[in-house]
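Chemist: Read off the chains here:
Number of protein chains: 2
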Amino acid sequence: MRCGAGIDARMVDELAINIDPIQAGGRLTADAMKAVVAYGDGYSVCDNCRKPNRLDYISKPPIAEFHKDLAAWLNMDTARVVPGARRGFQAVAHTYVHKGDPVLLTSLSHYTEFLAIEEADGIACEIPADEQNIVTADAAAVKIEEVKKQHGRLPVLAFIDHVDYQYGNIHDVQAIAKVAHQYDIPLLYNGAYTVGILPVDGKNLCADFVVGSGHKSMAAPAPSGVLAATVERAKEVFRTTAITGDVTGRKFGIKEPELMGCTLMGVTLVGMMASFPHIKERVKHFGRELENAGTVLDALRSIQGTSVLSEYPRKHTLTRIDTTASLDAVAQTHKKRGFFFSGALGEKGVTGIIPGATRVWKYNTYGITRSQARYVAQVFVDIALENGLKVA
Amino acid sequence: MRCGAGIDARMVDELAINIDPIQAGGRLTADAMKAVVAYGDGYSVCDNCRKPNRLDYISKPPIAEFHKDLAAWLNMDTARVVPGARRGFQAVAHTYVHKGDPVLLTSLSHYTEFLAIEEADGIACEIPADEQNIVTADAAAVKIEEVKKQHGRLPVLAFIDHVDYQYGNIHDVQAIAKVAHQYDIPLLYNGAYTVGILPVDGKNLCADFVVGSGHKSMAAPAPSGVLAATVERAKEVFRTTAITGDVTGRKFGIKEPELMGCTLMGVTLVGMMASFPHIKERVKHFGRELENAGTVLDALRSIQGTSVLSEYPRKHTLTRIDTTASLDAVAQTHKKRGFFFSGALGEKGVTGIIPGATRVWKYNTYGITRSQARYVAQVFVDIALENGLKVA
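Chains as they are written, first to last, in the working numbering: chain A, 174 to 565; chain B, 174 to 565.
Just so you know, the hints here were simulated from the structure itself, not pulled from any lab data.
Be aware that one or more of the hints could be misleading.
A pair counts as met if it fits within one copy or between any two copies, since identical chains are not told apart.
Said to hold, decoys possible - Here are the simulated PhoX-like pairs of lysine-lysine, each with C-alpha atoms no more than 25 Å apart in a straight line:
1. Lys521 with Lys563
2. Lys272 with Lys408
3. Lys224 with Lys563
4. Lys509 with Lys233
5. Lys509 with Lys563
Full structure from sequences and hints, please.
Modeler: And the structure:
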C-alpha cells in the first residue's frame, strides 16, 4: 500500500512487537491519530487566533488551557511547546551562553545538547560518569571547580539528562542541581526519556528548566516538545521581542524571539494535546513498565554470556545489553552472520533492534503489554536455544 | 465530534469555501493525509536510518531522493527541511549576523525575519516600499548606502520576500539581489507565499538562499519548510559539527549545528513528501488561480466604495482590500455591527475572513475551483445588495 508516489505506507507497529529504543514512547495514541486527521492543516489551530495573536493564547482548540496544564503537570511555572526537545535546548543555550562560555553537560549527554552549545559558541564541559555509568553530584562539583580553574570562569548553564540515551540510567538531577545552584548555574533538566514516561516534578528536582520530547516520550507527532521554566527563568528565556522597524517603527507585540514566535501548529500541537490525558495517566503506572522490562531482561540474562551494561536492577525500560559472548559468538559462524539475530526476531514478530547488531545493542520495552513482554522474553530464549547457546 | 478530551474535530474546509489569507496554500492533499496516518509516529522515518545517521541520507522512505528533488525543483544546489520557514531564517541569520551587524529586510517584511535578526543580535534595516507598496532595487541601493553611512559598515545579509504577507505584491527579487551582490551581501529569498504556489527558480532569481513554508504553501503539516542554498553558501550554513566532548573526546559526525541535527520526522516530513508531486504540478497552473482571484476581485471592486490596496492587476491570489466606504458604512448602523459581514459570509458558506472586519482585510482564493470562485464572487455582490450598497 502506498500513501503517495514512491512512499510505502509504514506498517511496523501494526505487524510486530516493536522494542526500538527511541520509538517506544512516541507511538501516537488513538486520540492523537484522530487529532492528526482533524487538524492536518498547519494553520488549522489559527481559526480563532485573536489579539494578542500568540499561539499560547488561543482558547479554541484549548491551547491556552493546555499550556497551563502542561506547566502545572511538570510542577513548573510556565511552559511553551517547541519543535523538539533540541529547540528547547537551543532557546536556553542562546539566552545564557555567549562566545567562549563554558557549559556543563555529561559524558552521557545527547548530541543535540552539544549542538546547542556549539550553536551558541560555548564550550562543552562534560561531567564524567562513574564506573557504573552514573553521573553524581560529587563529580559535578569537581567538574565545576576544574572548569573554573581551566577557563577562569564558571559554567553559565548545565544540561543534565535525567535518564541518559546510552544506558537508560537514572542520574541524581536534584543533587546535581543543588550543587549547580551553589554556583548560581541554572540547570536544564533533560527529560527526553522521562517527561511522558514517569512522573516529573520540576520544582522538587530543583530544575530551572524542564525539557521534554513530544515524539520521543509524549505520544505526539514530530517535531514536538516542551520547554518549561520557573517564573524567574521564564522572564529571561521567554522575554518578548524588543526589535523595531527603523523605517516603519513597527513593533511585534508579545512574540518571543527565542521561540521565533509561534512554534507548533496543527498536527504536532493538537496531537500532543490529544495524547496529554493519556500521558498524565500512564506515568502513574511506570511500575508495570518496569515489571515488563524485568521479564524481558531476566530472559536475556539467562542466556549464558550475556551481560547488562545499564545499571541493574533497572529503573528505566531503555536498556543496553552486551551479547558479544553469546549472540555474537553465534554470528561468527552463522551463514547470515550478525543478521541471523534480527532475522530470527523478525520471523517471530519482534522488531526494533538494529539489523546485524549482535554485540552491544539497546532496546526499550516501554508500552508493550504484560503478555507481549512474556512473549518477547520467550523469543529471546528460543533464539538462543535454537542457536546452541546455553540458557540458565 | 471530538478527537480527544475537550478538542472538537475541526471541520472548516469540509463545510465551507475557505478564503483565509494564510490557510489557502497549506491545506493537505489526500496523499499527505494518508502519509500523516501511516507515519504518525515521529521516529517512523528512522526505521531504516543507517550510518552516517542523518535524516537526509535515509533512502526508505525516499527522504534522500526527496532532498535532491527539492533542491533541483527550486534550481538550487542543496536543500534541507526545517521546522517552518522561520527556522530557515534563524539558521541563516545565525550564520552571518553577529552583534550589531545591520541586516536588510523591507518595510513589508514578516515578523519572523525581524525575530531572526533580533535573536542573532543584529539591527533590522528596512528598505522602504514605494507609494504603490512595491520594494524596488533602487530603494535597496539607496538603503544600503544609508546603512553604510549610519552604521559604518555594510549589511551582512538581506531578507527579501518575493510576495509580501501584507499586500501579496510581487517584488523584484532578482534586481534587488543584483544590487545586494554588488556589495557582497548574501540574499535570502523568502518564498513563504511562492514556493509551492508558483514556479520558483532560485538561480535565475540570483538568490543565495531560498526559503519556503510547508504549512503555508506546500500542502504539508506544520511546522515544516525548506531552506535551499547555493553550493557556496551551503558550505557555510550547512557546515558540520566541530564540537567535541572534553572528557570523552566524542565527535558528532556530520550533524549540522545550525539545523540542530535532524529536523523533520514523521508526519511533517512524509506529509511534505507525499504532497510534493502535486505541488510540482500545481505551480504550473498558477494562471488558473489568478483567473479565479480576478473573478472574485472584480465582484468586490464592483461594490461602490470598495478599493484594492494590493497592486492591480493582481499577480498573486493573496489580496488586501479596503471596504471602509462600503461594508464598514453598513456596519455603522447594522445591529450586528461589523459582524454582519462575516456572519452573512458564514450563512452563505464562505469562511476565512476575520470576524468583525469590515475596513481593511485580506483574503486568498488560492486552491478554490472555478465554480467556487464564481460562487464567492456572487456572494460578495449579494451581501452588498442585501445591505443597500450600490453595485456597478
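Chemist: For Lys509 and Lys563, with the copy left unspecified, which applies at a CA distance of at most 25 Å: within, between, both, or neither?
Modeler: within (20 Å within a copy, 82 Å between copies)
Chemist: Using 25 Å as the alpha-carbon threshold, which applies to Lys521 and Lys563: within, between, both, or neither?
Modeler: within (20 Å within a copy, 75 Å between copies)
Chemist: Go through the copies and call it for Lys224 and Lys563: within, between, both or neither, with a Cα cutoff of 25 Å.
Modeler: Neither way: Lys224 and Lys563 sit 68 Å apart in one copy and 33 Å across, limit 25 Å.
Chemist: Between copies, within a copy, both or neither: which fits Lys272 and Lys408 at Cα up to 25 Å?
Modeler: both (22 Å within a copy, 22 Å between copies)
Chemist: Could you place Lys509 and Lys233 in one of the four classes (within, between, both, neither) given a Cα distance threshold of 25 Å?
Modeler: Answer is between: at 22 Å across copies they meet the 25 Å cutoff, but 56 Å inside does not.
Taken one by one, the earlier hints fail for this structure only at number 3.
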